[in-house]
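Protein chains: 2
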Amino acid sequence: MKFMKNAFWPGRPASAFFALLLICSRAQAQSDPLPSWSEGPAKQAIVEIVKATTDQANPNFVPQEARIATFDQDGTTWVSHPIYTQVVYCLERVPAVVKAKPELKNVEPFKTVLSGNRAALAKLSLKDLEKIAALTLTGMSVDAFKAEAEKWIASAKHPRWDRLYTELTYQPMLEVMRYLRDNGYKTYIVTGGGQDFVRAYSERVYGIPPEQVVGTAGATKYGYDKSGKPFLVKEPKLLLNDDNAGKPEGIHLMIGRRPIIAFGNSTGDRQMLEYTKAGDGARLALLVLHDDATREYAYGPAQGLPGTKIGAFTQALYDEAKKDGWKIVSMKSDWKRIFSFE
Amino acid sequence: MKFMKNAFWPGRPASAFFALLLICSRAQAQSDPLPSWSEGPAKQAIVEIVKATTDQANPNFVPQEARIATFDQDGTTWVSHPIYTQVVYCLERVPAVVKAKPELKNVEPFKTVLSGNRAALAKLSLKDLEKIAALTLTGMSVDAFKAEAEKWIASAKHPRWDRLYTELTYQPMLEVMRYLRDNGYKTYIVTGGGQDFVRAYSERVYGIPPEQVVGTAGATKYGYDKSGKPFLVKEPKLLLNDDNAGKPEGIHLMIGRRPIIAFGNSTGDRQMLEYTKAGDGARLALLVLHDDATREYAYGPAQGLPGTKIGAFTQALYDEAKKDGWKIVSMKSDWKRIFSFE
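Residue numbers (my numbering), protein chains in the order written: chain D, 1 to 342; chain A, 1 to 342.
Worth double-checking, as some hints may not be accurate.
One copy or two, either will do: identical chains are not told apart, so a pair holds if it fits within one copy or between any two.
Simulated pairs of lysine-lysine, DSBU-like, Cα-Cα distance not exceeding 35 Å [as the list claims (entries may be wrong)]:
(1) 323 x 99
(2) 105 x 151
(3) 221 x 322
(4) 221 x 127
(5) 229 x 146
Just so you know, these hints were derived from the structure itself, not from any lab.
Same shape as in the complex, but just chain D:
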């Protein structure tokens, strides 16, 4: 009753108005779903497409089941410099595998890997790396592989930060994933990395279950152990090379729908971003630019972008992004915070 009386006091409406303003601005600050993002065109584009696609009154509304967002991993959701995490895994697995197969001890490229000679390691060819991958990623059951990969990723650290690789995920990207899921999107990792490798930690690290990881995948072979128990063995036979054109092809195979939103950071993501952007209605393609040498890395050749060193993406990719309306995400200026531990 006191409130009712006060409401008629002439000074009340104005102060109530300011109080309301204060409450609203606080509520907004509290509920900013992307607190690690600076205000700017990238953040704005993300918020705008989510609003448009989730509002039934909007012409770009997308029913929940078609809300698909895809994320490249290396360089897009976690650090991939100076060497891909999975390559480190393969190299570190070599001693254990050679111990079980001693006939490989003096066979290249395994001999070089065992030597630990960094200069020689740096010179390994792509073909050498493929041999190392075949040795360390195949020939065991899918369950044994999963257990090994889980164990390794739980303790392996990046030398620069002396932190687990899984801590070197980008906080702004984790926020985007959560924000999209809160708005009915299904989030997928679409990686050139090994599908089974990423599945070993995707749920824990990204909140993305194994069935939403699309990656480079080898065949498996069904068989029985001595006791007659069935199991699947990882075969050294490539089924899907999930990079470049393999990304949209993998998306079709595993998801069967065109993404509404896609994030990448390199030429390996070009076709996924093109394919996403070419869909009907609202679509958003974003490229993460590694231009922060202090907090992370600024890598790749400086190819004439004024003021930034652009990296794993080329001038041609940058030009296509501009022409096709993709958003550039500058780690330096768009991200207030890069890692959760900062």
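With chain D held as given, fit chain A onto it using these hints.
Quick look at chain A alone, frame taken from chain D:
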């Protein structure tokens, strides 16, 4: 207050007890999630595993993200007799494709298909059918294929019932799918049929989105049309033959977890059922037996199962089912109703 007084009336507790009983039994009747299933070991096994895997206090509890159930399609969730629906689709597509490629008019096996000669059609070899499949399922964009398949399935009818194929789904299986989803399970179709074909109607018919259809899949190829717009073409190159051992292999590729529950009806489902059953904790494998010639079909050779004609599954499969503890679902005795229109 009146209630409080009545509660002390000697006759009250008993009548309240009966009223409560009545309410409970009504609620149970109303909420039976599997009304088309007769009481029996199959229904009981389904209800029991759902209770066990969703009850945190149960030693067989399964966290929601690991609740995966897989369903074969042809003969398990809809009628596949006398000929697989997708084979009908391929045969009926031949005239339109040959019209666009008249040079095939006198080439076998297309010539035979165009002749409409039933006796000759029945003699087509597996190799002929593969040629027909390659002609009618590849060479177009994934979007064009989807549009064609959607259009066909919306009007194609089964000659025996003169009803849409999509109406010939088994009502008890639709109930199981819904019941499992209501209990946090992700439901998948795992079919020897074409992945893209089944995806064209799976959401509408089964409530299963395209990304939860695992099927026989061909490669696609990324390219650009004349205006520079990217698209994916269906290639005549097999990536995954999702039958027999290909089922667990496809499950690993597309889902990455072992199912808790799997349904099949033939030798093509054997490995999927074995693989499911071999997992830790509670697992359930079920085989649908086509033993109802009146309401559906009783097909396959009568191979000595007393009193039933067993079909697309062999005596060896039946023996394995018994030995390994799979449940047999008799269409005749376990299903009160087969189709929703009955």
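Each hint tested on the structure:
1. Neither within a single protomer nor between protomers do residue 323 and residue 99 lie at most 35 Å apart by alpha-carbon distance, with minima of 53 Å and 40 Å respectively.
2. Taking CA atoms no more than 35 Å apart as the test, residue 105 paired with residue 151 passes inside one copy only; the shortest distance there is 24 Å, against 60 Å between copies.
3. Proximity of residue 221 and residue 322 under a CA criterion of 35 Å is satisfied inter-copy only: 26 Å between copies versus 45 Å inside one chain copy.
4. In this assembly of identical chains, the alpha carbons of residue 221 and residue 127 lie at most 35 Å apart whether taken from the same copy (24 Å) or from different copies (24 Å).
5. Taking the shortest Cα distances, residue 229 and residue 146 sit within 35 Å of each other inside one copy (18 Å), while across copies they are farther apart (39 Å).
Of the numbered hints listed earlier, the single one contradicted by the structure is hint 1.
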